[in-house]
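Engineer: Residues per chain, in single letters:
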Amino acid sequence: MEYTIFILLLPLAMFLLLGLLDTKLKPRVAGILGTLGMTVCTALAYYTAYLFFTQSRVDGVYPSHTPVNYEWLRFTEHLHIDLGIYLDPISVMMLVVITTVSLMVHIYSLGYMHGEKGFQRYYAFLSLFSMSMLGLVVATNIFQMYIFWELVGVSSYLLIGFYYTKPAAIAASKKAFIVTRFADLGFLIGILILSFFTKTFDFATLTANPSAIITESAGMTFMGCSVASWALALIFMGGAGKSAMFPLHIWLPDAMEGPTPVSALIHAATMVVAGVYLVARLFPVYCVTPEVLDLITTVGAITALYAAIVACVQTDIKRVLAFSTISQIAFMIVALGVASDTDLHAGLGYMASMFHLFTHAMFKALLFLGAGAIIHAVHSNEMSEMGGLRKYMPITHITFLIACLAIAGIPPFSGFFSKDEILTAVMHKSTFWGIWMTIVAGLTAFYMFRLYFRIFWWKETDCSHHTPHEAPLTMTLPLIFLAVVTCVAGFIPFGELVSVNGQPYHIHLDMSVATTSIIVAVCAILLATWMYLKENNKPGNIEKATSVLHRAAYRRFYIDEIYLFITHKIIFNLICRPIAWFDRHIIDGTMDMFANVTQCVSARIKGLQSGSVQGYVWLILIGSLLVATITICCCL
Amino acid sequence: MNFLSLFVLIPILMMAGLAIARNMKEIRTVAVTFSALQLGLAIYTVFKYLSERIAGNTEEMLFQASMMWYEPLNIHYSVGVDGISIVMILLTAIIVFAGVFASWKIEPLSKEFFLWLTLLSIGVYGFFISIDLFTMFMFYEVALIPMYLLIGVWGSGKKNYSAMKLTLMLMGGSALLMLGILGIYYHSAPEGQPLTMNILEIANNNAIPHDWQYFLFPLTFVGFGILGAMFPFHTWSPDGHASAPTAVSMLHAGVLMKLGGYGCFRVAIYLMPFAAQELSWIFLILTGISVVYGAFSACVQTDLKYINAYSSVSHCGLVLFAILMLNNTAMTGAVMQMLSHGLMTALFFALIGMIYGRTHTRDIREMGGLMQIMPFLSVCYVIAGLASLGLPGLSGFVAEMTIFVGSFQHTDTFHRVFTIVACCSIVITAVYILRVVGKLLYGAVQDEHHRQLTDATWWERLSAVTLIICVAAIGCFPGWISNLISNSLNAIVERLS
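Sequence order for the protein chains is X and P.
When the count follows this note's numbering, it moves up by one through the first sequence with no breaks and lands on 1656 for the last residue.
When the count follows this note's numbering, it moves up by one through the second sequence with no breaks and lands on 1184 for the last residue.
If you are wondering where the hints come from, they were derived from the structure by calculation, not from laboratory data.
Do not take every clue at face value.
Said to hold, decoys possible - Sample of chain X residues lacking proximity to chain P, with all beta carbon distances greater than 10 angstroms (derived):
#1 I1395
#2 T1535
#3 S1632
#4 L1645
Stated by the list, open to error - Subject to a maximum C-alpha distance of 27 angstroms in a straight line, what follows is the list of computed BS3-like cross-link-like pairs (lysine-lysine):
#5 K1137(X) <-> K1126(P)
#6 K1126(P) <-> K1589(X)
#7 K1186(X) <-> K1126(P)
Stated by the list, open to error - For each label pair, taking beta carbons as the anchor points, the in silico distance ranges come out as:
#8 E1022(X) <-> D1050(P): 53 to 61 angstroms
#9 W756(P) <-> S1630(X): 40 to 48 angstroms
#10 H1134(X) <-> P919(P): 51 to 59 angstroms
#11 W1638(X) <-> D898(P): 44 to 52 angstroms
#12 D898(P) <-> C1620(X): 32 to 40 angstroms
#13 P919(P) <-> C1654(X): 43 to 51 angstroms
#14 I741(P) <-> E1022(X): 27 to 35 angstroms
Heads up, the beta-carbon is just placed ideally off N, CA and C, and yes, glycines get one too.
Could you build the full structure based on these sequences and the hints that come with them?
Structural biologist: Okay, here's the thing in structure tokens:
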């Protein structure tokens, strides 16, 4: 399977080609080149998946492969960064997800970004991102993952700030990078601690002997928690930053300033699930520290509810989708948190999480691309500018509806199956979190259908300025493709392919959980229908009745303001400025003082060297007298 | 004659050539030819060195040569290189080459400018090839003095103040060094044997008594540390860099500050391993402060050169920090960081010089949207910024990661905790880099007059591209350079344990 290296090299070559030639290429040529590269890449990924999942199982497990591994940088005898390709069920699944969504976005962008300034640059960055993301998922060791982790961060920064003349986009890109960088600091320290005790970066070694860190650290503790817990919690911090978990989620809603296809690719389907993937990759290690898994569950559950509530009141359709993404990723995180690797049944959450990652990538990309088509048609992100679009954009309408049904968890769409597995796994672990997540699932159905009705129903469109029209074929084709995937993905025997210990797991529905979740979702959809089907003032009245809560939720519970306060008022004004002042006035002042004192003293005493002989004689006389006096005094 | 001496000889010939050159064109021809020659020689040296090593030569220093210079004090002109000096020489050659193109249009007195610049480079090359303490010190002084004139005559802003401050502070460092070197000399050999200035011999004798080491180590470390911008002796750096002309900033931040790191390592730690271990914690605290303090200070500056000067304080602090970890990996990281910081900071100062040459301001509040006006320079600036904040694939990342991983391998918890503190700089670095990039390059054009400005000329492009290629090459293929350094360090680290 050595050819898999081309899955990485091809996008890299495309990035260099498009990036270096830039405007020397015609936009159309650049777009087609980038798309062709991605097509080949996708074909290779599918072929790899086909080969991987058709190979015969060894002890009931698909054997993993490392077709490429090359030592990139050696630190010590044990620690070295390798760059390589590691194929196991989850990395192969991720390859398929990333290449599929990336290809769809490449095609879609041909239409969406048509005529934009910097079209070539856009495709170059897309290729860079694809390369980095693919490198991240096939990483053979945690440091390789960190390398590509940083690269996806930068690609994301560049793409969010694609419209670099727009102040909001600049601010958003900066915020995204710095917040995730802060989280990556945790990741880095986590890696340092983990590798210090285990003496390896290699995933295979780490997961083969997960308790090594416990034994090697020999019960060392810090602030009441074992070193192992700290290391894994810090690594999770990195994941939480990328996956926009509370309270590090603040960058994701703002990241919507980037072009919409970018939001679909990076901020919905692929990069933001890197955190989930990281935990899944190190899952056996996490299992030795149950307290960290509990932490993960709690963070996930809080995020899920928080994001769902905020999503209910946002008015910018991309922000609604962004918060919905945060909430859905939190589902995956929670599922991982409640899983354990003791047996297949306890590990249901792991499988469910990966399954949801897969289905979510498809339907969320579909939602974002649909939103892009809508924004393209009405030239606005605001819901208030939309309404009644179903007549003008039939394809977008149907595909969007399918995605909404999927995310709301209505059978037979894919989201139902994966979400149901998650709810079953959570319920199995703890009834409290089970009910909590079911409520979040209900909220999901509500805000998605609020969005759907506000866009496609609600009021009649005012066509006086211009009539909205259906998007061109390059944009609708990806929508249709993803809609088809969303319809059928639920029937993939996912448990057979991916499970916590690799053994085939037969997915079966837990009827009580499934029925409850369907009832909750349907109720929520009915509520949304009642409120938003026709233009009316019910939503306005509810808003007024709950004005404080509504405003708080609309302002995302002031988390951003808290961050601004901490970064600007505290760190900038109370740390940076005083340090700069201290440097200029105290440290530098001391140095200047030496110079000034020297100068001053020499100015005062230079009179002694006047050159006048009378003066010297006086001095000699006084001096001699002094010496004589002292001598006489001493002798006496 | 030993071919290492060519590194001193070629610049001397270059000075002669410059002296007889009559117009700008001839000056440029001479400068380009000779700097290219130096670069070629540096690359040749690397290959020759590697082939010697592959052939199985295990001597600590290769291509040694020695010549009696002053008998009563046993001073020799002796040269020799190991992996670390090779890397530094290569760095110097690259930056001198790029610097010549960056000062293509230097005025007035262009001939004198290049003459002094060349003298400076003689000092730097000489310093890196010497293995005799006194010769090393002499070259060190040769590198420092031209700085005064280069800043004082061709500088901008408060140039007299800055030139004076820089020179006096560095001379203060030299005074400490002189003391240290004399102290080392008088204890360089066991009783009854002749005293020596040769670094290798001193190290092999290992005769410096422990109580003397306690006294001499801080002297030499601080003496060199001042040049390496160690807190609290770094304040010459922001003013000096801000006033210096482009090529001088490049050479100074890129190479001269590395003299500090290299010296700390070659003299202080190499010759006094005992004190290095005993006293490292004090300096670890100081350099740890440098790392974070420099980064925080950079966050509030508004002058582009000040930002980079403080950023240099932070990055060079990391160099000294890693050296003090006294293990192979961290020290390898330190040398890589010297190389990487040298290249990227030279790139930064070159770009700032080019931008300043057009807009006549370095205040980020007065500029904006340069990406629309000078896309080439802006893209280079973004690349330099990304290298500085440690993007994988560029040199900053490999250097920093080697340092962090290496430092964290220290068995002492105190060192590991300090490593975590130093790690925090990666976040702060991102803050100030992105702040500048966002204000300077993105957004709307601030000053309508800037719209008439042109993008980079061919010589400016050449200068920037040379440096970017080096930064990317190290970032993508760090393995060989890391091995080169770490193999040379083995002997030194063994001595420490």
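Engineer: Take the hints in turn and mark each one as holding or not.
Structural biologist: Going down the list of hints, with the structure as the test:
{"no.": "1", "hint": "I1395", "verdict": "holds (23 angstroms)"}
{"no.": "2", "hint": "T1535", "verdict": "holds (48 angstroms)"}
{"no.": "3", "hint": "S1632", "verdict": "holds (31 angstroms)"}
{"no.": "4", "hint": "L1645", "verdict": "holds (37 angstroms)"}
{"no.": "5", "hint": "K1137(X) <-> K1126(P)", "verdict": "holds (21 angstroms)"}
{"no.": "6", "hint": "K1126(P) <-> K1589(X)", "verdict": "holds (20 angstroms)"}
{"no.": "7", "hint": "K1186(X) <-> K1126(P)", "verdict": "holds (12 angstroms)"}
{"no.": "8", "hint": "E1022(X) <-> D1050(P): 53 to 61 angstroms", "verdict": "holds (54 angstroms)"}
{"no.": "9", "hint": "W756(P) <-> S1630(X): 40 to 48 angstroms", "verdict": "holds (44 angstroms)"}
{"no.": "10", "hint": "H1134(X) <-> P919(P): 51 to 59 angstroms", "verdict": "holds (58 angstroms)"}
{"no.": "11", "hint": "W1638(X) <-> D898(P): 44 to 52 angstroms", "verdict": "holds (48 angstroms)"}
{"no.": "12", "hint": "D898(P) <-> C1620(X): 32 to 40 angstroms", "verdict": "holds (38 angstroms)"}
{"no.": "13", "hint": "P919(P) <-> C1654(X): 43 to 51 angstroms", "verdict": "holds (45 angstroms)"}
{"no.": "14", "hint": "I741(P) <-> E1022(X): 27 to 35 angstroms", "verdict": "holds (29 angstroms)"}
Going through the hint list in order, the structure satisfies each hint without exception.
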